[in-house]
Amino acid sequence: MEEEKVEQAVLAYLKSKGYRQAELAFHDEQQRLRHSGSQTSDTAIDSSIANPILFYAKSDNDPNRYKEGYSKLRSWVYQSLDSYKNELLRILYPVFAHCYIDLVGKGFTQEARDFLQRFREDHEASHVRDIQKLEGVLSPQHLHESELVLTLRNNKQSVKMCQYSFELLLQYLHGTDSMLMLGIVNEHLNIHVLPGPPSALPKDDEVVAQGTLDYLNQKEIRWGALEDSLEDKFEKHNAAALLEKDMAGKKDGEGEDNKAKVDGKAGGPSNKKAKKDKASTAGPGTTAKSAGPGSAPRVKAELPMPTMSEEAEKQVMEDFRKRARLGSNALPSVSFYSFINTHNSLNCASISSDGALVAGGFSDSSVKVWDMAKLGEQKTIAGSVTQDKPPTNGFTETRETALEGSKSSYALLQGHAGPVYAASFSPDSEFLLTSSADCTVRLWSMRLKTNLMGYKGHNFPVWDVQYSPVGHYFATASHDRTARIWCMERMQPLRILVGHMSDVDCLQWHVNCNYVATGGTDNTVRLWDVQTGECLRVFNGHCGTVLSLAMSSDGRYMASGDDRGAIFMWDLGSGQCVAPLMGHTSCVWTLAFSGEGSLLASGSADNTVRLWDVNASSKGSRSEEKLSATRHLRLLKTLPTKSTPVYALKFSRTNLLLAAGAFSPSQSAKATT
Amino acid sequence: MSIVPKDTIHVIAQSIGIANLHDDVAKELAPDVEYRMREIMQEAVKCMRHSKRSILTTDDVNSALSLRNVEPLYGFASGDPLRFRRALGHSDLFYVEDRDLEFKEVVEAPLPKAPLDASVVAHWLAVEGVQPAIPENAPIEVLAPPTETKKEGPRKDDESAIDVKPPVKHVLSKELQLYFEKMTELVVTGADTQLLRDALVSLATDSGLHPLVPYFTQFVADEVTRSLDDFPLLFSLMRLVQSLLLNPHIHIEPYLHQMMPSVITCLVAKRLGGKGIVNHWELRDFTASLVAFICKRFGHVYHNLQGRVTRTLLHAFLDPKKALTQHYGAIRGLAALGSRVVRLVVLPNLELYLRLLAPELSPETQQNEMKRYEAWRVYGALQTASGACMYEKLKAQSFLLPSSSRVALKSTARVATTNAKHQETAMDISPRKRIGAADLEQPPQKRPHLDTDNSIATEGRNLDGAESTVQLEPREGGKAPRIGEENVLEDSVRKPSKKGGKSITLSEAWKEDGDVGPLLASLVDLFGEGMLPFIPSKELSSFI
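Quick mapping for you: the protein sequence lines, in order, are chains A and B. For the first sequence, position 549 matches number 549 in the UniProt record's numbering, and the numbering has no gaps at all. For the second sequence, position 513 matches number 513 in the UniProt record's numbering, and the numbering has no gaps at all.
There's no promise every hint is true.
Covered stretches of chain B (chain A as the covering partner; in silico rule of three or more C-beta atoms under 8 Å from a C-beta of chain A) [what the hints assert, rightly or not]: (1) 29-43; (2) 48-59; (3) 111-121.
A partial selection of chain B residues facing chain A, derived with a Cβ cut-off under 10 Å [to be verified]: (4) 63; (5) 67; (6) 89; (7) 125; (8) 127; (9) 130; (10) 131; (11) 136; (12) 138; (13) 193; (14) 298; (15) 299.
These aren't lab readings, by the way, just hints derived from the structure by calculation. Quantities reported herein were computed from a predicted structural model and do not represent experimental measurements. Glycine is no exception: its CB is placed at the ideal position from the N, C-alpha and C atoms.
One chain only, chain A, in its complex shape (with noise of 0.2 Å):
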């Protein structure tokens, strides 16, 4: 069959060229050949001969070819390695744009359109002046004429990418006969083979990423802090104190610096978010971000928001009446949950927001809950003296007090069917979300210790739970390279947000429910309107997989942890990094932001939590933010923890910081021996 096409195609050439005699003399061949019937394998014709022929005798005359290349060339890229991928997409854009001016140098104006439409919105956010160039491209003349065509064909663009990568794209481009995308890249790429690993994200390329942020961030966003929280409450709460115990001390306003002296005896930081109080409470209807520097604006939720008992806000103003304030000067204390004899099977932990309880998951598929508040004394005591003891005494001991008292300490949860990857405990401490490499993510009540409810609907491991700050709703985050958002009384998720150009391995919720923070294997983080389901921002800078997130309570920084130890601060409403907050030398597990977001712990499987000052960066007035940011956010303690690893971190409503990890004494006892 092939044979004939090729023939058929060889001779159509002669003739639309007019060569007559060779014409001739094929035909002649041809009838030879075939009356003596020898058609042995040396003259079947070689595929690799064949395809070029084939393609030119089509190419002419089908731009459709074009589409159809670079649209396998992109869902290939898309799906290759994910450690290859960046190197890979790199190709898209060049490739995209000779198609184009391929197709407009052809004449096929209305398909060159088509084209363009269909494909554009991948380099938009890169290239997006150039593309509005190309699209003034629409016939041959124009061609001559325009000057970033010219400079495209004039010029082979080079691109940078390490061996392996090379290997796969000839490898894909010489099996899938895409003969077309491999003219293309022949003849205007010039491709660097780098030697070593591949890398994440060359110089170059960051100067593109700027270009992603400055597109994409022009969206608004209203980063504020939740209105009518009830931290927000608290604080209007003590605002009207002060404001009346100003009003009874002096008639006139004569300034608000004595307003201000009042309140630093009163008590430090509350003071400038009580000023913003005052201010918002003149005037009800400025909401949005107008309120002054360094305070956070109050943002209404989109959502319909759950309903607190009255019990329940008491208790919560009661701690944030406690809350102890930290700063540079005021570290926090750092209790620390260490799981002990969990033969590397412990995958996740989560604490509870007012650190009574601790859910740990493990790779047996089994959740388990500690009451440390039943726990009590003697339990810790008796523990602390195997941690202490060489292994051998240490586990004898452990395993009496196993048996004495401490039978039934924990409730376990089964009912996934899979490790467990990631915990959430609802803010009132009522339930508790978990999620599993089963797909499911599963609901259990607190209280009754038992299932209730199963979500399904991921169709892969699901790698993270967040429950949402005001609870009700809750995010999961999966290998299928989606999130999705859930609310507890619904089966089927709510919103489903795609984007995500590997897994999605963590989220976070913004403090004013509207938004969700993804950060995944693609080296991205990512923030969603809840509401639509759109992608707002997206924050380029990590160099391996995003592990870890953190917003601050005002609702304008994000922090994100990396698994090469690097955090980086994210300023939410400019799209723009604060500043990298470099230290660790290990995966970041987790981070959490103090109270009031002076502070901002992290715990890694460096076996260290460390604590960064960010209080000057979030406090400080806009215009010398970027002064200050840099040269403020800076390590203010290491806590090195005996070989635990640490797997979460959480302020209390009080301040005082919980974290837990898994004790794994193999690596000391190596270091030991």
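For chain A, the structure is supplied; the task is to place chain B on it using the hints.
Here is chain B on its own, set in the frame of chain A:
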């Protein structure tokens, strides 16, 4: 092209029964195999990350396979890491050892111990930013401060960021108080029980005891002064001190100056333990080693530590008014400080001291048996000290000795031993020496030039009175042993001159590059054959 060579594909094909795989097929398959493997590893690493581990396990690979809908690999789930072995005869061929297991054995084997159940333990990682030194926390590195200052370095340019810390109130936790109470009680009452031994081990190994150090130091000081005649208590106290010193988590340097007096007391006190208790020698020996340990471990931090200790001990040693027991302690202490110290301060004074000691040793002059026994103890200690020092020196120099001096050494030794045979004790040295001294009247040329013992040495000489002339150096004889000329040594008949040479060699013993031969000879002269065991066997053999 691919990191998987096509031979590998051939081998795999053969293993599943495809004998004649075409080369091209293998070539085509190799890149795909590589790709699939990379894919599986990528997924496995994801699973590892989400299990919050940093070590990839076979479980991760299996879950990666199941993510890709591939049957997992069975048989690798055991907890142990795989043991790869090198195939014989191939440099880079490895295989996984797969032992045959007897089914019966597996069935009949006793059940392994059930693993301990997971549990959660809470502790304070930090209290207001300060890590309490409790066992649950990582031990605070004693020498950590430098790194911290480095971190704080860039802050200096930042005025607003100066941390003002309120004064910290020192509070002992209830547990620590209890620990201290129990410990002191044990030390006071339970001498040498198993319980005490365990307690001391705990004291020597536990972290988090640092807050108790000042209390323990105070306790030791109080108890030592109060109960000098309670031997078991003193011994326990010294062991307590030892445990504290051994504990790697305790930063004890600031308390050393409080600790040392008590320790030194236990070494050189006139009377340790009640009357009639004989084994206070043991306590002195123990304390001596303790002193040496302290000097060794903290000597580099406190440069004058060893000097001060040496001076104190030397005072005790050279003061003839002090009791023999005190002398004994001092000698032991000095000996424990190492051979250098012995050479430096003991040997130069050795001859002099032995002369003083002599009357105490013989039954004729010292009737009190107790006193005599003490004297012999002191004699023994001196012998051990100088012997050990000799041994060190010989060891160090044995390979350096030039052959000529080796011969000299040999001859000297022979002479010395024959001498020793003739002498019943070392006592009769002095009369003979006096003769020699009378013969030669020349000013002493060499004196011990040590800042630590200069005064003491002169003092000692003054005490000697007339005998101080002994240190005069006979010119020819004095040179002879040092130069190592055989003929001079051979005529050992010239005893007086030799004696004179001995004293000078002794006083010069502190010199690092001094020759060993003469020194040894003089020591053998002083101690007789008792010295011989201290000579390394190799050297000894060269004598005979």
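### Message
Name the hints, by number, that the structure is in violation of.
### Response
6, 13, 14 and 15
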